[in-house]
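Given next are the chains, with one letter for each unit.
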Amino acid sequence: MNELTNTNTQTGLDVQDVVKRAIELNDYSYLLEKVPYSQFIGMSVARFGDEMVFRLPAKDDNIGNPILPAIHGGVLAGFMEMSAIVQLMVFMQAKKVPKIVDFSIDYLRAGLHQDTFAECKITRQGRRVANVSMNCWQTNRKQLIATARAHFLLD
Amino acid sequence: MKINSDFFPLTEVASRFVNQLAQCRRLGLTVQEASEHHVLIELPYSQDIIGYPDTGVIHGGVITTLIDTACGTAVVCAILKKYQSLELSPTLDLRVDYMKPAEPHKSVYAFAECYRLSSNVAFTRAIAYQDSIDEPIAHAVGSFMRISPEMVGEEFRQALMGNLPGAIA
Numbered sequence: 004m005n006e007l008t009n010t011n012t013q014t015g016l017d018v019q020d021v022v023k024r025a026i027e028l029n030d031y032s033y034l035l036e037k038v039p040y041s042q043f044i045g046m047s048v049a050r051f052g053d054e055m056v057f058r059l060p061a062k063d064d065n066i067g068n069p070i071l072p073a074i075h076g077g078v079l080a081g082f083m084e085m086s087a088i089v090q091l092m093v094f095m096q097a098k099k100v101p102k103i104v105d106f107s108i109d110y111l112r113a114g115l116h117q118d119t120f121a122e123c124k125i126t127r128q129g130r131r132v133a134n135v136s137m138n139c140w141q142t143n144r145k146q147l148i149a150t151a152r153a154h155f156l157l158d
Numbered sequence: 012m013k014i015n016s017d018f019f020p021l022t023e024v025a026s027r028f029v030n031q032l033a034q035c036r037r038l039g040l041t042v043q044e045a046s047e048h049h050v051l052i053e054l055p056y057s058q059d060i061i062g063y064p065d066t067g068v069i070h071g072g073v074i075t076t077l078i079d080t081a082c083g084t085a086v087v088c089a090i091l092k093k094y095q096s097l098e099l100s101p102t103l104d105l106r107v108d109y110m111k112p113a114e115p116h117k118s119v120y121a122f123a124e125c126y127r128l129s130s131n132v133a134f135t136r137a138i139a140y141q142d143s144i145d146e147p148i149a150h151a152v153g154s155f156m157r158i159s160p161e162m163v164g165e166e167f168r169q170a171l172m173g174n175l176p177g178a179i180a
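Sequences listed follow chains L and V, in order.
What the first sequence shows, in the working numbering, is residues 4 to 158, in sequence order.
What the second sequence shows, in the working numbering, is residues 12 to 180, in sequence order.
To be clear, the hints were calculated from the coordinates, so they are not data collected in a lab.
One should not assume that every hint holds.
Said to hold, decoys possible - Partner residues are not named here, just some residues of chain V that face chain L (Cβ under 7 angstroms, in silico): (1) Asp59; (2) Ile61; (3) Gly62; (4) Tyr63; (5) Pro64; (6) His70; (7) Thr76; (8) Thr102; (9) Leu105; (10) Arg106; (11) Met172; (12) Gly173; (13) Asn174.
Stated by the list, open to error - Derived DSBU-like pairs (lysine-lysine); straight-line CA-CA distance at most 35 angstroms: (14) Lys23(L) x Lys117(V); (15) Lys99(L) x Lys117(V); (16) Lys92(V) x Lys99(L); (17) Lys98(L) x Lys111(V); (18) Lys23(L) x Lys111(V); (19) Lys37(L) x Lys111(V); (20) Lys99(L) x Lys111(V); (21) Lys102(L) x Lys117(V); (22) Lys124(L) x Lys92(V); (23) Lys102(L) x Lys111(V); (24) Lys117(V) x Lys98(L); (25) Lys62(L) x Lys92(V); (26) Lys117(V) x Lys62(L); (27) Lys124(L) x Lys111(V).
Here a beta-carbon is modelled for each residue, glycine too, at the ideal position from N, C-alpha and C.
Kindly generate the complete structure, drawing on both the sequences and the hints.
In structure tokens form, the structure reads like this:
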């Protein structure tokens with residue numbers, strides 16, 4: 004019963020409205036709050052004109068390698084994927100959340116237990132599918148810790 | 012789902028390995044089976060990991076985390092069996108193709124194998140599914156860099172191998 008009610012409120016979500024309000028208020032935390040996974044890893048975003056920089060603060064729960072310690076590679080991937088989704092939604096005023104088709108990531112160095120940043124570039128946007136590339140760094144924007152590319156279905 | 016972990020001798024080691032990773036504990040990942048050839052890990056559904064609030068479908072990033080963990084664990088198991096040593100291989104790259112969304116309120120399973128172990132690189136592939144492996148949610152390939160066993164601290168080795176019943180050195 005409980006699950007059923009939850010599902011209903013989820014389907015009632017107006018994505019286009021959420022994106023519109025986030026842009027109007029220039030407060031993208033409002034958009035991220037609607038996606039439980041972004042809260043789960045603790046990410047946030049700041050917009051500077053046409054640029055958006057995504058931030059994943061150091062968080063104990065996000066650790067994968069306990070020896071270094073380093074952020075779990077999957078969390079970095081999830082953070083970059085979510086960044087790409089938000090970038091697409093904001094610059095397309097999407098009606099729906101873009102659906103991931105494929106995701107390919109190269110790990111360049113260990114993501115240490117500290118704040119991490121990402122930026123995305125919509126390389127090509129067609130009618131049905133968009134190609135996005137993402138870069139991820141920690142202390143220096145020129146020393147990337149990971150780079151990724153992905154396709155999303157728009158609809 | 013029928014599980015016989017007794018039949019797969021590396022299940023205990025693989026399970027300890029996954030439990031050492033904070034993110035995996037948080038996600039509630041559990042190792043169902045592990046051998047020198049494969050690893051099977053379960054990801055339970057939860058409201059916290061939803062990526063598509065309009066449908067309740069979990070985020071692709073969680074699937075990537077599950078697959079990365081499963082492939083990494085498969086590498087640990089393969090090296091352990093072949094060289095009798097503990098190595099922790101960092102991921103070099105990972106590519107995930109999403110075939111269909113995961114159904115809400117159901118666990119996702121990842122089946123991973125390390126299909127080739129060279130002197131420097133371990134090659135893996137994985138399938139994520141729910142009801143049947145023949146109806147995959149995602150398919151992935153990934154490569155891992157091998158590092159020397161000395162890089163593994165004594166504390167970590169102890170956490171994985173200490174008091175382990177069976178014949179693994």
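How the hints compare with the structure:
1. Interface hint status for aspartate 59(V): upheld, as the beta-carbon distance to the closest one in chain L is roughly 5 angstroms, under 7 angstroms.
2. For isoleucine 61(V), the shortest C-beta to C-beta distance to chain L is roughly 4 angstroms, which falls under 7 angstroms, so the interface hint holds.
3. At about 5 angstroms, the closest approach between the beta carbon of glycine 62(V) and any beta carbon in chain L falls short of 7 angstroms, and the interface hint on this residue holds.
4. Given hint, tyrosine 63(V) at the interface with chain L, holds; its Cβ is 5 angstroms from that chain's nearest Cβ, closer than 7 angstroms.
5. Contact between proline 64(V) and chain L, as hinted, is supported at the beta carbon level, the nearest pair being about 5 angstroms apart and thus within 7 angstroms.
6. A least Cβ separation of about 4 angstroms between histidine 70(V) and chain L falls short of the 7 angstroms threshold, and the interface hint therefore holds.
7. Among the interface hints, the one on threonine 76(V) holds; its C-beta lies about 3 angstroms from the nearest C-beta in chain L, closer than the 7 angstroms criterion.
8. With a cut of 7 angstroms, the hint placing threonine 102(V) at the interface with chain L holds, because the nearest CB-to-CB distance is about 5 angstroms.
9. With 7 angstroms as the threshold, the beta carbon of leucine 105(V) comes within range of chain L, its nearest partner Cβ sitting at about 5 angstroms, so the hint holds.
10. Given hint, arginine 106(V) at the interface with chain L, holds; its Cβ is 4 angstroms from that chain's nearest Cβ, closer than 7 angstroms.
11. Annotation: interface hint on methionine 172(V) violated; nearest CB of chain L at approximately 15 angstroms, more than 7 angstroms.
12. Evaluation of the glycine 173(V) hint against chain L yields a violated restraint, the C-beta minimum of about 15 angstroms exceeding 7 angstroms.
13. At its closest, the beta carbon of asparagine 174(V) sits 19 angstroms from a beta carbon of chain L; the interface hint therefore is violated under the 7 angstroms criterion.
14. For the hint linking lysine 23(L) to lysine 117(V), the alpha-carbon distance of about 32 angstroms falls within 35 angstroms, and the restraint holds.
15. Annotation: proposed proximity of lysine 99(L) to lysine 117(V) holds, straight-line Cα distance about 23 angstroms (limit 35 angstroms).
16. Taking the CA atoms of lysine 92(V) and lysine 99(L), the gap is about 47 angstroms. The hint is violated against a cut of 35 angstroms.
17. Among the hinted pairs, lysine 98(L) with lysine 111(V) is consistent with the structure: their alpha-carbon atoms are about 20 angstroms apart, no more than 35 angstroms.
18. Note on lysine 23(L) and lysine 111(V): the hinted pairing holds, with a Cα-Cα distance of about 28 angstroms set against a maximum of 35 angstroms.
19. As the CA atoms of lysine 37(L) and lysine 111(V) are separated by approximately 22 angstroms, the hinted pair is consistent with the 35 angstroms bound.
20. As the CA atoms of lysine 99(L) and lysine 111(V) are separated by approximately 16 angstroms, the hinted pair is consistent with the 35 angstroms bound.
21. Between lysine 102(L) and lysine 117(V) the CA atoms are separated by roughly 19 angstroms; this keeps the pair inside 35 angstroms, and the hint holds.
22. Distance check on the hinted pair: lysine 124(L) and lysine 92(V) sit about 43 angstroms apart at the alpha-carbon level, beyond 35 angstroms; violated.
23. A distance of roughly 10 angstroms separates the Cα atoms of lysine 102(L) and lysine 111(V); the hinted pair therefore holds under the 35 angstroms criterion.
24. Distance restraint check for lysine 117(V) and lysine 98(L): the Cα-Cα separation of roughly 26 angstroms lies within the 35 angstroms cut-off, and the hinted pair is therefore satisfied.
25. For the suggested pair lysine 62(L) and lysine 92(V), the alpha carbons sit about 34 angstroms apart, so the restraint of at most 35 angstroms is met.
26. The hinted pair formed by lysine 117(V) and lysine 62(L) meets the criterion: a straight-line CA distance of about 27 angstroms does not exceed 35 angstroms.
27. Annotation: proposed proximity of lysine 124(L) to lysine 111(V) holds, straight-line Cα distance about 25 angstroms (limit 35 angstroms).
Taken one by one, the earlier hints fail for this structure at numbers 11, 12, 13, 16, 22, listed in ascending order.
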